[in-house]
Amino acid sequence: MNSGMDRAWDGVIAPPIEGRLSKPRSTGITMVLDKGLGVTALHDLLETAADWVDFWKFTFGTSVMYPRTVLEAKVRLLHKHGVFACPGGTLFEVAWMQQRYDAYLNRLMQLGFGAIEISDGTYPLSLAERQEAIRKAKSLGLKVLSEVGKKDPGDSQPSSVLYDLLRSDFEAGVDYVIVEGRESGKGVGIYDAKGEIIEEDLGVLSQDPQCVERILWEAPLKSQQVALIKRFGCNVNLGNIPTEDLIALEALRTGLRGDTLRDVVRKRVAK
Amino acid sequence: MNSGMDRAWDGVIAPPIEGRLSKPRSTGITMVLDKGLGVTALHDLLETAADWVDFWKFTFGTSVMYPRTVLEAKVRLLHKHGVFACPGGTLFEVAWMQQRYDAYLNRLMQLGFGAIEISDGTYPLSLAERQEAIRKAKSLGLKVLSEVGKKDPGDSQPSSVLYDLLRSDFEAGVDYVIVEGRESGKGVGIYDAKGEIIEEDLGVLSQDPQCVERILWEAPLKSQQVALIKRFGCNVNLGNIPTEDLIALEALRTGLRGDTLRDVVRKRVAK
Amino acid sequence: MNSGMDRAWDGVIAPPIEGRLSKPRSTGITMVLDKGLGVTALHDLLETAADWVDFWKFTFGTSVMYPRTVLEAKVRLLHKHGVFACPGGTLFEVAWMQQRYDAYLNRLMQLGFGAIEISDGTYPLSLAERQEAIRKAKSLGLKVLSEVGKKDPGDSQPSSVLYDLLRSDFEAGVDYVIVEGRESGKGVGIYDAKGEIIEEDLGVLSQDPQCVERILWEAPLKSQQVALIKRFGCNVNLGNIPTEDLIALEALRTGLRGDTLRDVVRKRVAK
Chain A
1 MNSGMDRAWD GVIAPPIEGR LSKPRSTGIT MVLDKGLGVT ALHDLLETAA
51 DWVDFWKFTF GTSVMYPRTV LEAKVRLLHK HGVFACPGGT LFEVAWMQQR
101 YDAYLNRLMQ LGFGAIEISD GTYPLSLAER QEAIRKAKSL GLKVLSEVGK
151 KDPGDSQPSS VLYDLLRSDF EAGVDYVIVE GRESGKGVGI YDAKGEIIEE
201 DLGVLSQDPQ CVERILWEAP LKSQQVALIK RFGCNVNLGN IPTEDLIALE
251 ALRTGLRGDT LRDVVRKRVA K
Chain B
1 MNSGMDRAWD GVIAPPIEGR LSKPRSTGIT MVLDKGLGVT ALHDLLETAA
51 DWVDFWKFTF GTSVMYPRTV LEAKVRLLHK HGVFACPGGT LFEVAWMQQR
101 YDAYLNRLMQ LGFGAIEISD GTYPLSLAER QEAIRKAKSL GLKVLSEVGK
151 KDPGDSQPSS VLYDLLRSDF EAGVDYVIVE GRESGKGVGI YDAKGEIIEE
201 DLGVLSQDPQ CVERILWEAP LKSQQVALIK RFGCNVNLGN IPTEDLIALE
251 ALRTGLRGDT LRDVVRKRVA K
Chain C
1 MNSGMDRAWD GVIAPPIEGR LSKPRSTGIT MVLDKGLGVT ALHDLLETAA
51 DWVDFWKFTF GTSVMYPRTV LEAKVRLLHK HGVFACPGGT LFEVAWMQQR
101 YDAYLNRLMQ LGFGAIEISD GTYPLSLAER QEAIRKAKSL GLKVLSEVGK
151 KDPGDSQPSS VLYDLLRSDF EAGVDYVIVE GRESGKGVGI YDAKGEIIEE
201 DLGVLSQDPQ CVERILWEAP LKSQQVALIK RFGCNVNLGN IPTEDLIALE
251 ALRTGLRGDT LRDVVRKRVA K
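Chains as they are written, first to last, in this note's numbering: chain A, 1 to 271; chain B, 1 to 271; chain C, 1 to 271.
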């Protein structure tokens, strides 16, 4: 369950849900959504929770607002703790729209980011452009996360279209495909206006079990995290996790919170 | 109102609601719900707000995720500021389920926790088991908080059953009985699906005025805190307070926020 | 867009929405709602985001709860970063109710606050009292922010009454007039019970374009921030911004988040 570090309850409590993978892991990924933590707050959080996070998203264009020294300090801290730093997809979209993608990649490498998100949530990309963007990023050795899904409900696409795009992205070599959930988790992607999962859409996107291991579901709300853990197991890939919920999510994954412990209890009692 | 510390507005502003007790207090307890603050963040918060918090809950199984050194540093800081550290009730339930309660108590003492929560929110306990758990914890000198109420709406019990359990827990020697409210405050315990108080259930649980002084109502939402302060006064015991609301709650208790100031104003204007 | 500081993406990404003013600015103000950050957390946040905040509200009576040394340390930090510290309006109302306004002003100056909020959200003020309060604060060289609007829905006033008060406050010399939105942003001021803008009320309050530059809309919810930016431009004055949303708001103002980027994209695509 962990990276060999001495844990507070080792030898006393065993996680009720077994099989949680430790870092570095290729599935069971957690990606955080960071809206602007300071350097001290990041250091503080990583000291407690670095083992429970794999990717760190400086969400949408927030990284533009940082003093360069502050951003670089954060990226260094993340690297030191084995977490991939990644700018938000919207920043990629702006760079592409402004025809500055090469400059964007150069700066991203200079700043020390280890991952990139390629999306068309707001700015439309042709399939050829998308594949070019992915190819260039891959050639630099970056972890590449593409995203399917639109940010505005008025632009939404059928899940079958998203599925085709997802397949095509995997063929183009991306590491993970993100399914858009925004910060709100409502009225977007696989979620209805109340934030509940639309089963039919989830079914279409997850039809290929092999793909599921590399789909990263944005799931900002606890109810979504619970539902996806119950559906795909404790090593489902989850994104847009609020920084303050990082440890609580790990408790959900391992059955140390009522919502996921309950099924374990029921099976025991039924025996 | 405070522990003798020099406050910013001393001599200028008197709290509009009088009678708030200072620490150490046996009623007027505030219990925080901590989902994973780092050591620096905890230190920072206690420096500002230690006088306004009595119990600190490392909620559900989150403390399992901590490096032992980090958890111990947090517990020491809390002790230094006169705050009882307490693991979540779900962790007790897992330990009991795994038949590791003695080991759980030993480690809890080693780690420096000063309080324990004994609950059956997810894992069922017989009355005899419950009393055995309480007795063992009391014998170690721990503050014992038992909890009544189920986490899942599908398991909910009538308030008369909860009231009988509450009485029985007091007879068994617990310091406080917590009424379950979860982190959400919705569809659980005395709260309906919108988080509003179900008056009938509140009435049943609070029928004995002497008990009320040792009932700790989980009340994560501001509307719930306001309603309970109006009902039981500024020294009502409140739990599951988000760490970032600790100071705001104290303002509510003392009439320094519109929601509770309003009644004071109305009485003055009516004179 | 910034104060000359070296930014992470300078020379690569241009803000899609142009014209955002840098500090010190008289319009395009952001006011934060602080419920009790510690000194370290404040330092950490200002190091990242000081350029994006103009006024810092120690909301309602929270500043009463601070040890004096902690409050003074926070106020000094804010001053150093060019941010005006301001107690909440409710604290003014309590001081006025307790007939301690002169003492309140003295202490406020001693503590180093640079701004004051004058409101009648809970405690009623006559027009003469309001103008006296404004005049005294102005004579001390404070930035004066008055507020229109009641905190309790049961006390609400027609927008035409609020508009007359707003005009009168500007004539009395206030720097900004705040339109009440509370922390929740629901069922108060220009917002309905769901937090959506009531267009008619917004229209009445914003009928004079010159006034709008000095109206500060409390807008705690993202949807409100988006709507007001779309309506009045990137330099609209916004208040009650949660501290953790400070950088995200600046991304909204400059088109670096999908919600406001979308209109830029549509205009480009339409060309």
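Since the hints were made in silico from the structure, they are not lab data.
Bear in mind the structure is a predicted one, so any value in this text is a computation, not a measurement.
Incorrect hints may have been included.
Identical copies carry no separate label here, and so any pair may be met within one copy or between two of them.
No farther apart than 25 Å at their CA atoms in a straight line, the calculated lysine to any residue pairs in the SDA-like style are these [unchecked claim]:
#, residue 1, residue 2
1, Lys222, Leu140
2, Lys230, Gly203
3, Lys267, Val39
4, Lys230, Asp155
Status of the hints after comparison with the structure:
For the homomeric pair Lys222 and Leu140, neither the shortest alpha-carbon distance inside one copy (35 Å) nor that between copies (36 Å) is at most 25 Å. With identical chains, the CA atoms of Lys230 and Gly203 are at most 25 Å apart within one copy only, with a shortest distance of 14 Å there and 37 Å across copies. When the C-alpha separation of Lys267 and Val39 is checked against a cutoff of 25 Å, the pair qualifies neither within a copy, at 44 Å, nor between copies, at 37 Å. With identical chains, the CA atoms of Lys230 and Asp155 are at most 25 Å apart between copies only, with a shortest distance of 19 Å across copies and 30 Å within one.
Checked against the numbered hints above, the structure violates hints 1, 3; every other hint is satisfied.
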